[in-house]
Amino acid sequence: MSQGLINGDYCDQDVYILTVVVDNGKGSKVLKICKQTGIGGGTVCLGEGTVGRSMLTWLDIPTVRREIVIMAATGTQAKAAEAALSETLKLNKPNHGILFKIALHELFGSRNCSQSEKVEGEDVMNGNTHQAVFVIVDRGNAEAVIEAAEQAGARGATIINARGAGMHETSKLFAMVVEPEKEIVLMIIDKPRTDSITTAIRSSIGLDQPGRGIMFVVDVAETIGLY
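In the numbering used here, the protein residues as written are 219 to 445.
What the hints contain is simulated information worked out from the structure, not anything from laboratory work. One should not assume that every hint holds.
As the list claims (entries may be wrong) - Restricting the straight-line Cα-Cα distance to at most 20 angstroms, the calculated cross-link-like pairs of lysine-lysine (PhoX-like) are: (1) Lys297 <-> Lys250; (2) Lys311 <-> Lys253; (3) Lys297 <-> Lys253; (4) Lys244 <-> Lys308; (5) Lys311 <-> Lys247; (6) Lys297 <-> Lys247; (7) Lys297 <-> Lys308; (8) Lys311 <-> Lys297; (9) Lys308 <-> Lys250; (10) Lys409 <-> Lys308; (11) Lys247 <-> Lys308.
Assemble the whole structure, with the sequences as input and the hints as a guide.
The following block contains the structure:
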(Lines of atoms letter the chains of each structure in order from A; the text may use other names.)
(Lines give C-alpha, C1' and ligand atoms only; values in the text may rest on other atoms or scores of the structure.)
Protein backbone atom coordinates (compact mmCIF):
# COMPACT_ATOMS: atom_id res chain seq x y z
CA MET A 219 0.00 0.00 0.00
CA SER A 220 1.38 3.40 -0.94
CA GLN A 221 1.75 6.10 1.67
CA GLY A 222 -0.07 9.44 1.45
CA LEU A 223 0.74 12.62 3.34
CA ILE A 224 -2.36 14.19 4.86
CA ASN A 225 -1.99 17.51 6.68
CA GLY A 226 1.62 16.65 7.52
CA ASP A 227 0.97 13.04 8.63
CA TYR A 228 1.56 9.88 6.59
CA CYS A 229 -1.35 7.51 6.08
CA ASP A 230 -1.55 4.13 4.38
CA GLN A 231 -4.14 4.94 1.74
CA ASP A 232 -4.30 4.95 -2.03
CA VAL A 233 -4.70 8.33 -3.71
CA TYR A 234 -7.11 9.26 -6.49
CA ILE A 235 -8.06 12.04 -8.85
CA LEU A 236 -11.77 12.57 -8.36
CA THR A 237 -13.52 14.22 -11.33
CA VAL A 238 -17.11 15.47 -11.27
CA VAL A 239 -18.93 16.82 -14.34
CA VAL A 240 -22.02 18.89 -13.50
CA ASP A 241 -24.22 21.62 -14.95
CA ASN A 242 -22.79 25.12 -15.18
CA GLY A 243 -22.95 26.88 -11.81
CA LYS A 244 -22.78 23.74 -9.66
CA GLY A 245 -18.99 23.45 -9.44
CA SER A 246 -18.78 25.55 -6.28
CA LYS A 247 -21.43 23.38 -4.65
CA VAL A 248 -19.41 20.27 -5.48
CA LEU A 249 -16.32 21.80 -3.86
CA LYS A 250 -18.28 22.79 -0.76
CA ILE A 251 -19.68 19.28 -0.33
CA CYS A 252 -16.26 17.68 -0.86
CA LYS A 253 -14.57 20.01 1.65
CA GLN A 254 -16.99 18.73 4.27
CA THR A 255 -15.63 15.22 3.63
CA GLY A 256 -12.02 16.33 4.17
CA ILE A 257 -10.92 17.19 0.63
CA GLY A 258 -9.00 20.45 0.80
CA GLY A 259 -10.01 21.95 -2.56
CA GLY A 260 -9.99 21.45 -6.30
CA THR A 261 -9.93 23.00 -9.75
CA VAL A 262 -13.04 23.94 -11.73
CA CYS A 263 -12.90 23.99 -15.56
CA LEU A 264 -15.57 25.12 -17.99
CA GLY A 265 -16.76 22.74 -20.67
CA GLU A 266 -19.63 21.68 -22.91
CA GLY A 267 -21.76 18.55 -22.75
CA THR A 268 -22.55 16.62 -25.92
CA VAL A 269 -24.97 13.86 -24.90
CA GLY A 270 -28.10 14.38 -26.98
CA ARG A 271 -26.44 17.15 -28.99
CA SER A 272 -28.23 16.19 -32.21
CA MET A 273 -31.59 16.77 -30.50
CA LEU A 274 -30.40 20.11 -29.09
CA THR A 275 -29.31 21.21 -32.57
CA TRP A 276 -32.63 20.17 -34.07
CA LEU A 277 -34.46 22.21 -31.43
CA ASP A 278 -32.09 25.18 -31.93
CA ILE A 279 -31.07 25.07 -28.25
CA PRO A 280 -27.55 26.32 -27.36
CA THR A 281 -24.88 23.85 -26.28
CA VAL A 282 -25.25 22.70 -22.67
CA ARG A 283 -22.56 24.27 -20.48
CA ARG A 284 -20.74 22.12 -17.96
CA GLU A 285 -18.32 22.56 -15.07
CA ILE A 286 -15.62 19.95 -14.49
CA VAL A 287 -14.33 19.74 -10.91
CA ILE A 288 -10.97 17.99 -10.41
CA MET A 289 -9.73 17.07 -6.91
CA ALA A 290 -7.07 14.91 -5.26
CA ALA A 291 -8.33 12.63 -2.48
CA THR A 292 -7.43 9.59 -0.44
CA GLY A 293 -9.54 6.47 -0.75
CA THR A 294 -11.45 7.30 2.43
CA GLN A 295 -12.10 10.88 1.33
CA ALA A 296 -13.15 9.76 -2.16
CA LYS A 297 -15.70 7.28 -0.81
CA ALA A 298 -17.15 9.88 1.55
CA ALA A 299 -17.32 12.46 -1.25
CA GLU A 300 -18.97 9.98 -3.63
CA ALA A 301 -21.68 9.20 -1.06
CA ALA A 302 -22.29 12.87 -0.22
CA LEU A 303 -22.38 13.99 -3.85
CA SER A 304 -24.64 11.12 -4.90
CA GLU A 305 -27.13 11.95 -2.16
CA THR A 306 -27.07 15.74 -2.55
CA LEU A 307 -26.83 16.03 -6.35
CA LYS A 308 -28.74 12.83 -7.18
CA LEU A 309 -25.92 11.61 -9.42
CA ASN A 310 -27.50 8.17 -9.70
CA LYS A 311 -30.36 9.71 -11.68
CA PRO A 312 -29.99 10.42 -15.43
CA ASN A 313 -28.71 13.86 -16.48
CA HIS A 314 -27.67 14.93 -12.97
CA GLY A 315 -23.93 14.68 -13.52
CA ILE A 316 -21.05 12.23 -13.77
CA LEU A 317 -18.42 11.24 -11.23
CA PHE A 318 -15.36 9.09 -11.83
CA LYS A 319 -12.06 8.49 -10.07
CA ILE A 320 -8.61 7.50 -11.31
CA ALA A 321 -5.92 5.93 -9.13
CA LEU A 322 -2.66 7.90 -9.02
CA HIS A 323 0.91 6.60 -8.90
CA GLU A 324 2.45 9.97 -7.95
CA LEU A 325 1.08 13.22 -6.56
CA PHE A 326 3.03 16.28 -5.44
CA GLY A 327 2.10 19.81 -4.40
CA SER A 328 -1.28 18.97 -2.89
CA ARG A 329 -2.05 20.23 0.62
CA ASN A 330 -4.48 17.36 0.91
CA CYS A 331 -2.18 14.49 0.05
CA SER A 332 1.26 13.70 -1.40
CA GLN A 333 2.26 10.35 -2.81
CA SER A 334 5.51 9.20 -4.39
CA GLU A 335 5.24 5.42 -4.44
CA LYS A 336 3.52 3.22 -6.99
CA VAL A 337 0.13 1.93 -5.89
CA GLU A 338 0.82 -1.62 -4.74
CA GLY A 339 -1.78 -2.45 -2.13
CA GLU A 340 -5.39 -3.02 -3.04
CA ASP A 341 -5.53 -3.54 -6.79
CA VAL A 342 -8.10 -0.85 -7.49
CA MET A 343 -8.04 -1.51 -11.21
CA ASN A 344 -9.05 -5.18 -11.07
CA GLY A 345 -12.57 -5.55 -12.37
CA ASN A 346 -12.89 -1.99 -13.66
CA THR A 347 -15.33 -1.74 -16.55
CA HIS A 348 -14.66 1.73 -17.96
CA GLN A 349 -11.80 3.81 -19.31
CA ALA A 350 -11.40 7.56 -19.73
CA VAL A 351 -10.29 8.73 -23.17
CA PHE A 352 -8.73 12.20 -23.46
CA VAL A 353 -8.23 13.76 -26.91
CA ILE A 354 -6.47 17.14 -27.23
CA VAL A 355 -6.98 18.86 -30.60
CA ASP A 356 -7.02 22.32 -32.15
CA ARG A 357 -10.12 24.37 -31.46
CA GLY A 358 -12.84 23.43 -33.91
CA ASN A 359 -11.79 19.80 -34.28
CA ALA A 360 -13.61 18.43 -31.24
CA GLU A 361 -16.77 17.90 -33.28
CA ALA A 362 -14.91 15.58 -35.68
CA VAL A 363 -13.53 13.62 -32.72
CA ILE A 364 -16.97 13.21 -31.16
CA GLU A 365 -18.62 12.28 -34.46
CA ALA A 366 -16.05 9.54 -35.09
CA ALA A 367 -16.35 8.29 -31.51
CA GLU A 368 -20.14 8.18 -31.56
CA GLN A 369 -20.15 6.29 -34.86
CA ALA A 370 -17.91 3.72 -33.16
CA GLY A 371 -20.21 3.37 -30.15
CA ALA A 372 -19.41 6.22 -27.73
CA ARG A 373 -22.35 7.79 -25.90
CA GLY A 374 -21.40 11.44 -25.53
CA ALA A 375 -18.47 13.52 -24.33
CA THR A 376 -17.43 16.66 -22.50
CA ILE A 377 -15.40 19.36 -24.28
CA ILE A 378 -12.97 21.41 -22.18
CA ASN A 379 -11.40 24.61 -23.54
CA ALA A 380 -7.61 24.95 -23.20
CA ARG A 381 -4.46 26.40 -24.81
CA GLY A 382 -1.51 24.65 -26.44
CA ALA A 383 2.19 25.18 -25.79
CA GLY A 384 3.96 22.26 -27.50
CA MET A 385 6.50 22.33 -30.33
CA HIS A 386 3.71 22.43 -32.92
CA GLU A 387 1.49 24.78 -30.96
CA THR A 388 2.92 28.31 -31.22
CA SER A 389 2.52 30.97 -33.89
CA LYS A 390 3.25 34.70 -34.07
CA LEU A 391 0.89 37.62 -34.47
CA PHE A 392 2.46 41.08 -34.76
CA ALA A 393 5.75 39.59 -33.48
CA MET A 394 3.99 38.19 -30.40
CA VAL A 395 3.94 34.47 -29.64
CA VAL A 396 0.36 33.20 -29.60
CA GLU A 397 -0.72 29.95 -27.97
CA PRO A 398 -3.49 28.48 -30.16
CA GLU A 399 -6.72 27.54 -28.45
CA LYS A 400 -7.27 23.84 -27.89
CA GLU A 401 -10.18 21.60 -27.06
CA ILE A 402 -9.94 18.59 -24.77
CA VAL A 403 -12.52 15.91 -25.45
CA LEU A 404 -13.22 13.69 -22.44
CA MET A 405 -15.18 10.45 -22.83
CA ILE A 406 -15.93 7.65 -20.37
CA ILE A 407 -16.18 4.44 -22.39
CA ASP A 408 -17.07 0.82 -21.76
CA LYS A 409 -13.73 -0.98 -21.79
CA PRO A 410 -14.61 -3.44 -24.62
CA ARG A 411 -15.34 -0.48 -26.94
CA THR A 412 -12.15 1.47 -26.29
CA ASP A 413 -10.04 0.02 -29.10
CA SER A 414 -12.67 0.51 -31.79
CA ILE A 415 -13.40 4.07 -30.64
CA THR A 416 -9.75 5.16 -30.42
CA THR A 417 -9.05 3.57 -33.82
CA ALA A 418 -11.96 5.50 -35.34
CA ILE A 419 -10.69 8.77 -33.86
CA ARG A 420 -7.11 8.20 -35.09
CA SER A 421 -8.35 7.47 -38.60
CA SER A 422 -10.87 10.31 -38.72
CA ILE A 423 -8.56 13.20 -37.76
CA GLY A 424 -5.18 11.78 -38.81
CA LEU A 425 -3.97 11.66 -35.24
CA ASP A 426 -0.75 9.81 -36.12
CA GLN A 427 0.50 12.83 -38.09
CA PRO A 428 2.63 15.43 -36.22
CA GLY A 429 0.71 18.36 -34.79
CA ARG A 430 -2.73 16.84 -35.27
CA GLY A 431 -3.39 16.18 -31.60
CA ILE A 432 -2.80 13.84 -28.68
CA MET A 433 -4.93 11.04 -27.31
CA PHE A 434 -4.41 9.00 -24.14
CA VAL A 435 -6.45 6.41 -22.27
CA VAL A 436 -6.52 5.69 -18.53
CA ASP A 437 -8.37 3.12 -16.45
CA VAL A 438 -11.20 4.41 -14.28
CA ALA A 439 -11.55 2.93 -10.81
CA GLU A 440 -15.23 3.81 -10.32
CA THR A 441 -18.03 5.69 -12.07
CA ILE A 442 -21.36 7.17 -10.99
CA GLY A 443 -24.11 8.67 -13.14
CA LEU A 444 -22.95 7.65 -16.61
CA TYR A 445 -26.29 6.72 -18.14
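Cross-check of the supplied hints:
no.	hint	verdict
1	Lys297 <-> Lys250	holds, 16 angstroms
2	Lys311 <-> Lys253	violated, 23 angstroms
3	Lys297 <-> Lys253	holds, 13 angstroms
4	Lys244 <-> Lys308	holds, 13 angstroms
5	Lys311 <-> Lys247	holds, 18 angstroms
6	Lys297 <-> Lys247	holds, 18 angstroms
7	Lys297 <-> Lys308	holds, 16 angstroms
8	Lys311 <-> Lys297	holds, 18 angstroms
9	Lys308 <-> Lys250	holds, 16 angstroms
10	Lys409 <-> Lys308	violated, 25 angstroms
11	Lys247 <-> Lys308	holds, 13 angstroms
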